[in-house]
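Just so you know, the protein sequences line up as chains B and U, in that order. Sequential numbering from 1 applies to the first sequence in my numbering. Sequential numbering from 240 applies to the second sequence in my numbering.
Any given hint could be a false lead.
DSSO-like, lysine-lysine: derived pairs with alpha carbons at most 27 Å apart [stated by the list, open to error]: (1) Lys-146(B) x Lys-575(U); (2) Lys-146(B) x Lys-259(U); (3) Lys-616(U) x Lys-379(U); (4) Lys-253(U) x Lys-146(B); (5) Lys-129(B) x Lys-379(U).
Bear in mind the hints are in silico, worked out from the structure with no lab data behind them.
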Amino acid sequence: MDRSDRPVIAEFVDVHRHYRMGDNVVRALNGVSVQIRKGDYLAIMGRSGSGKSTMLNILGCLDRPTSGAYMVGGRDVARLDDDALSEVRGREIGFIFQSFNLIPQLTVLENLEVPLFYQGRVGPESRRKAEYLADRVGLGKRLEHKPLELSGGQQQRVAIARALMNDPLFLLADEATGNLDSNTEKEILDLFDDLRRDEVTIVIVTHNQKVADRADRTLWLKDGQVERFDVNRPAEVAP
Amino acid sequence: MIRDFGRIVQLGMKSLLLHKLRSSLTTAGILFGVASVIAMLAVGEGASQAALEQFRDMGVTNVLVRSVKPEETQQSSSSMWSVLDYGLTYAEADRIERLLPRATVVRVREVQRGVMRGEAFRVTVVVGTEPSFLLASNMKVAEGRWLTDLDMLNQENVCVLGHKLAKLLFPLDNPIDQTILAGTDDRFRVVGVLQGQGRAAGPSGITYDECVFVPMTSSRRRFGDTIRNLSTNRFELTELHEIKVHLAGSDEVENAAMVLREMLLPMHKVRGDTEITVPLELLQQEEASKRRFNLVLAVIASISLLVGGIGIMNVMLATVTERTREIGIRRALGAKKKHIVQQFLVEAGVLSALGGAVGVALGMIVPKVITEVFEEKTVVLPQHVLLAFCISAAVGVVFGLYPAWRAANMDPVEALRHE
Ligand SMILES: Nc1ncnc2c1ncn2[C@@H]1O[C@H](COP(=O)(O)OP(=O)(O)OP(=O)(O)O)[C@@H](O)[C@H]1O
Ligand SMILES: [Mg+2]
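Can you build the whole structure from these sequences, using the hints too?
The structure is reproduced here in structure tokens:
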């Protein structure tokens with residue numbers, strides 16, 4: 001299938017995000033327009049301070065644009081209140097963080113159930129789903145372990161499984177492999193490739209060219225603006 | 240919904256267990272507050288119930304007029320053989336009867352004597368009184384009969400024993416129709432035994448259960464009106480030691496008390512050799528002082544629970560700061576502000592409810608120990624326990640509110656960046 005045939009699931013329309021620091025204004029994002037289509041595997045790169053995390057936070061509905069529109073599922077996120085924003089995060093987005101961010105006092109299974117808990121969907125079904133996803137990331141036997149009993153790579157796999165629990169529109173990963181050694185990094189990237197074959201949409205932020213090379217396209221940010229797009233792979237992907 | 244709440248509580252417990260020492264110390268603040276409140280209430284309630292029962296035993300429809308031995312002056316004590324003359328007279332009892340025609344007037348004389356039967360001996364009080372005594376002091380006959388008008392008329396040498404005295408003098412056999420010796424040469428035939436009464440006592444302070452009762456007339460004839468006081472070795476002339484004025488209803492008490500005060504005051508004011516006791520008034524005073532006591536207690540309780548609450552707030556603020564990142568994660572995973580508020584409120588609630596529960600247990604044990612060690616009556620009322628527990632739980636919620644609000648209003652992005 002051609003990329004242009006796939007539906008747009010998230011779209012930035014001239015997004016600005018400005019921080020007021022006393023008298024001067026930091027333009028962390030300064031007019032960004034991007035479309036993310038279902039099945040995309042997009043890497044965001046750029047120098048430190050270029051606005052990558054800011055962009056990802058807005059994509060993840062953790063933050064709102066100062067101006068411009070951010071459309072997810074046909075709605076303009078900029079106009080939603082805090083509760084509605086939480087709702088969108090809970091239903092449509094899967095987060096993967098650099099430092100894994102599992103909740104230390106909960107077991108693997110309980111960590112996996114957190115996203116569904118806030119939608120009142122915890123029950124036997126959520127448990128089956130957690131077991132299935134834990135299996136899929138290779139941690140089916142570690143459900144009752146606490147995060148600190150796992151290695152960094154294993155923790156990140158749990159985090160990926162957790163991000164998939166709510167069947168999100170897309171996964172967002174900020175330096176997901178930044179805290180891992182190169183072998184473990186490769187395992188995680190292989191897992192991403194796996195997910196992509198299942199048409200999971202993935203957006204990653206990275207400093208690492210090797211990581212970015214695994215994505216289909218790379219978006220380069222500079223001073224809060226889109227500098228250029230690299231296409232690493234032919235337009236038609238996914239079987 | 241219920242299951243979700245159960246999960247939040249479970250989660251709260253887990254988080255609290257992360258800092259066992261800190262959580263237990265915080266809990267202790269509430270614990271001791273609750274325990275001390277319950278214990279104090281129990282002691283207060285016990286004391287007041289004991290007082291109330293005592294006044295009730297005197298009879299709430301009675302007004303008691305008693306003879307009081309006046310302070311001895313230098314002059315009167317100079318002679319061993321002078322007679323100390325004080326107190327109520329037969330004539331006064333008759334006057335009371337005329338003034339208050341609807342009241343039952345019971346005359347009482349108390350004479351201290353050693354009472355003997357076989358080997359058993361006991362110094363006690365021989366109460367000389369009238370048949371109406373039984374009604375006025377709300378006592379009942381256990382065995383045999385009570386004193387009658389005929390006994391009075393014939394000045395019979397019969398007696399009725401108090402419950403304890405009967406046990407003491409006749410541990411094994413039936414006392415009825417046996418003879419006891421009062422003093423050196425006064426014999427009385429036992430015609431009845433009273434039921435145990437408890438605390439009620441005459442002016443001497445010895446409970447009726449330990450007394451022996453004889454007809455008024457016999458007492459006068461046998462012992463005379465001038466009696467040697469066994470403890471001071473002085474002769475005292477007192478016609479009546481007590482006049483019980485028994486009224487038909489408690490609504491007549493106030494008026495009767497007024498009449499009696501007005502009647503007796505001119506005669507006895509100077510020497511102060513009588514006193515009027517109105518159990519109903521004492522009862523009302525006790526109830527009023529109990530209300531005051533409870534108010535003071537409520538203030539102390541609020542202060543101690545306030546201190547506990549501040550402890551909780553302190554710990555919850557620390558917890559919220561420590562778990563900023565967790566809050567960020569939860570927000571990213573779809574938690575709304577209300578979920579975060581819920582989580583930390585429940586945690587604070589669990590903390591204080593736990594303290595409350597243990598405090599209740601401790602608060603119920605402490606009064607038992609007090610009763611055991613100090614022989615002080617204590618009463619733990621269920622409503623006091625419930626109140627203390629509810630207040631402790633409420634303290635947790637109230638003082639958890641601000642920390643929870645702070646947690647919920649963190650910016651998710653900032654929270655996630657927090658180290
Ligand atoms: N909360 C904030 N308040 C003020 N300025 C901010 C804030 N967050 C980000 N900025 C500024 O916005 C700009 C973009 O920051 P951002 O974190 O998006 O960069 P980045 O590309 O993720 O950098 P890095 O690669 O170092 O993570 C920077 O100049 C940063 O200082
Ligand atoms: Mg960044």
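Taking the hints in turn, this is what the structure says about them:
1. Lys-146(B) x Lys-575(U): holds (25 Å)
2. Lys-146(B) x Lys-259(U): holds (18 Å)
3. Lys-616(U) x Lys-379(U): holds (26 Å)
4. Lys-253(U) x Lys-146(B): Since the Cα atoms of Lys-253(U) and Lys-146(B) sit roughly 12 Å apart, the hinted pair holds (cutoff 27 Å).
5. Lys-129(B) x Lys-379(U): violated (79 Å)
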